[in-house]
Every structure is written in structure tokens, then in C-alpha cells.
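Full structure from sequences and hints, please.
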Amino acid sequence: MTQMMRAVEIRKPGGPEVLATTERPVPKARAGEVVLKIAYAGVNRPDALQRAGLYDPPKGASDLPGLEASGVVHVIGAGVSDLAVGDTVCALLPGGGYAEYVATPAAHCLPVPEGMSLDQAACLPETFFTVWSTVFMRGGLQAGERFLVHGGSSGIGTTAIQLARTFGARVFTTAGSDEKCAACVALGAEQAINYRDADFVEVLRGEGGADVILDMVGGPYIPRNIKALADDGRLVQIAFLQGPKVEMNFVHLMVRRLTVTGATLRPQSDLAKARIADALREHIWPLLAAGTVAPVMDSQFALEDATKAHAHMESSAHIGKIVLKV
0 MTQMMRAVEI
10 RKPGGPEVLA
20 TTERPVPKAR
30 AGEVVLKIAY
40 AGVNRPDALQ
50 RAGLYDPPKG
60 ASDLPGLEAS
70 GVVHVIGAGV
80 SDLAVGDTVC
90 ALLPGGGYAE
100 YVATPAAHCL
110 PVPEGMSLDQ
120 AACLPETFFT
130 VWSTVFMRGG
140 LQAGERFLVH
150 GGSSGIGTTA
160 IQLARTFGAR
170 VFTTAGSDEK
180 CAACVALGAE
190 QAINYRDADF
200 VEVLRGEGGA
210 DVILDMVGGP
220 YIPRNIKALA
230 DDGRLVQIAF
240 LQGPKVEMNF
250 VHLMVRRLTV
260 TGATLRPQSD
270 LAKARIADAL
280 REHIWPLLAA
290 GTVAPVMDSQ
300 FALEDATKAH
310 AHMESSAHIG
320 KIVLKV
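Numbering follows numbering that gives the first Met the number 0, in which position 110 of the sequence shown is assigned residue number 109; successive positions increment by one, without gaps.
For the record, the hints were derived by calculation from the structure and aren't laboratory data. Take the hints with a grain of salt, since some may be wrong.
As the list claims (entries may be wrong) - With a Cα cut of at most 30 angstroms, we get these calculated BS3-like pairs of lysine-lysine:
1) 58 to 36
2) 11 to 307
3) 11 to 58
4) 226 to 36
5) 27 to 11
6) 307 to 58
7) 27 to 58
Said to hold, decoys possible - Label-pair distances were calculated between CB atoms; the ranges are:
8) 255 to 31: 40 to 50 angstroms
9) 202 to 278: 27 to 37 angstroms
10) 53 to 249: 46 to 56 angstroms
As the structure is a prediction and not an experimental result, all values here were calculated from the model. Positions of the beta carbon are idealized from the N, C-alpha and C atoms, including for glycine.
Shown next as C-alpha cells:
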């Protein structure tokens with residue numbers, strides 16, 4: 000008899016109301032995979048894009064939303080030797096996190112840091128994989144450099160602020176309210192710019208320009224980011240909340256030796272994600288265990304209230320991560 004589980008599916012492309020509770024068969028572990036019994040699942044912007052019909056899952060991935068979770072190893076697939084049934088982990092997922100069980104490559108699982116609760120651990124994978132791979136591996140941020148992250152109160156922003164500060168960078172950020180700006184400063188930002196009241200280009204140019212910028216806004220921010228960069232600066236694009244198309248003068252890139260790059264996490268190969276996991280285990284997990292950096296969690300919702308969780312996320316009223324309690 001097929002074992003069934005509770006899950007949240009996308010009935011059709013649309014707003015938060017298209018999310019619906021359903022029953023699905025419990026997934027099976029293929030070679031190199033484990034099945035997790037989920038305790039908490041993180042809620043992320045890519046989930047909302049998938050719900051809206053703008054971000055299809057990779058081939059072979061679950062059609063259920065959910066790109067990160069924490070829980071307990073339930074089943075071990077063939078060839079998995081470094082995890083055991085009963086291990087408590089958090090994991091980057093190819094999809095399927097809005098459910099009681101999920102299958103994911105074992106190499107994308109990381110131990111829950113010592114002293115950390117499962118709800119906090121569910122906030123780690125998507126943002127820490129993203130920030131480490133883009134800001135440090137791709138953007139090459141170094142100690143003493145000036146770093147600007149847009150959306151400083153988001154899950155990505157709160158993570159980027161802490162990691163950049165911890166590794167010795169001067170951190171600047173943008174946010175949409177004085178409350179959010181204050182939260183960013185408390186996390187370690189040297190200056191948080193309320194984009195409703197001030198121009199981040201002027202602020203950064205006054206400091207000598209940003210050496211690295213992490214942006215998920217896109218659209219009209221792209222040429223402004225170019226202006227805000229220092230000579231030899233690097234712009235790393237990870238999303239386009241205001242659109243992917245813009246007209247830009249590439250002479251500035253040539254004359255000032257700028258680098259424009261970008262990445263998305265989900266379509267990368269299992270091997271690439273495993274290498275990021277290895278780097279996190281070495282460089283970041285000790286910092287989490289020591290409390291030097293920590294996830295910022297905004298709120299929890301029950302799995303059945305995923306619609307409310309998405310509405311809250313899209314209101315932009317949150318500071319940090321939102322999780323679903325399974």
C-alpha cells in the first residue's frame with residue numbers, strides 16, 4: 000500500500016490563493032538521495048515565482064514548491080554512506096519542501112548547527128547557499144572592501160550583511176523603512192539607506208564606490224548599480240523583481256574595468272550544489288555553531304496556511320525568513 004503524506008500544491012498559476020493542501024505519495028529515495036521527514040520548510044521568493052508560473056522546476060524535480068527544509072533522515076538511498084536514519088539535518092531541495100516528506104541529494108544535506116532549533120535551521124540552506132556562492136565565490140568579496148546588498152531586511156539581505164561583516168567587509172544596504180534600516184544596522188551594516196528618502200548611488204559614490212553589489216531588484220537598479228560601483232567593482236545579479244531588461248552603456252564597463260555577473264541556484268548541477276555545501280560546512284557552519292552569525296526568522300505558519308505565508312512575504316512587511324511548520 001502506498002504511503003501518503005500531506006502537501007501543498009500549486010493548483011494553477013496565480014496569487015497565494017492558488018496554493019492548496021492535498022495528499023501525495025511519499026517520495027522514494029533514488030541512488031545518492033535521502034528522504035527527509037520534514038519539521039519546517041522555508042518560504043522563499045522563488046516559491047512565489049513558481050506559484051505565479053514564472054519559474055518552472057528543473058527536469059525531474061517535484062512540482063511542489065519548497066527549496067529548503069529541516070528535519071530527520073527517514074530513508075537512505077543506495078550509495079549514501081555519510082548519513083544515517085535518524086540524523087537531524089537541514090537541506091537544500093530541488094523542490095517539494097511544502098510537504099511532510101521530501102527526497103533530496105544526500106550531498107545537499109548539512110547537520111543542524113549545534114544549539115540551533117529546527118525552525119531556525121530551516122532558514123539556512125537557500126540563503127546561505129546563495130550568499131556564499133554569489134558574494135564570495137562569484138563576487139570575490141574581500142576583507143576591507145565596500146559591499147552593498149539591496150533588500151537588506153530580506154532573508155538574503157540579513158544573511159549577506161552578517162557574512163560580509165564577519166569576513167571584514169564594510170557593509171552598506173538598502174531597505175524600505177526606518178524600522179528595516181535599524182534592523183540592518185543591528186546586524187552589522189555600517190549604513191542602511193532608506194531608498195524612499197535617499198539615493199544609494201550618491202551614498203556609495205561618497206564612500207568611494209562599492210567593490211561588490213548583490214542585487215535582486217534589477218530593472219532601473221541595474222544602471223544605477225553600475226554608477227555606484229568603484230573601479231574594478233563587481234555587480235552580482237540574482238533576481239529581477241523589477242524586470243530583466245534595461246538599456247545600458249557598456250563603455251562604463253570597459254573604461255572602469257567592471258564585472259557584471261549573475262547566478263541562480265536551483266538550475267545548477269547536483270555536483271555544483273554539493274561543492275557549495277562542502278564550502279559552507281568548512282567556512283560557515285562553525286560560525287553558526289559559535290553564534291557569530293545566525294538566521295533571522297520573521298514568522299511561522301502552519302503548512303496548511305501556506306497561502307497566508309505567501310501573502311505575508313509578498314506584502315514585504317517581514318524582516319528575515321518565513322517558515323512553515325509541518
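We went through each hint and held it up to the structure:
1. 58 to 36: holds (23 angstroms)
2. 11 to 307: Within the cut-off at roughly 17 angstroms; holds.
3. 11 to 58: holds (19 angstroms)
4. 226 to 36: violated (47 angstroms)
5. 27 to 11: Holds, at roughly 25 angstroms.
6. 307 to 58: holds (29 angstroms)
7. 27 to 58: Measuring from Cα to Cα gives roughly 17 angstroms; hence the hint holds.
8. 255 to 31: 40 to 50 angstroms: Since residue 255 and residue 31 have Cβ atoms about 45 angstroms apart, the given range 40 to 50 angstroms holds.
9. 202 to 278: 27 to 37 angstroms: holds (31 angstroms)
10. 53 to 249: 46 to 56 angstroms: violated (28 angstroms)
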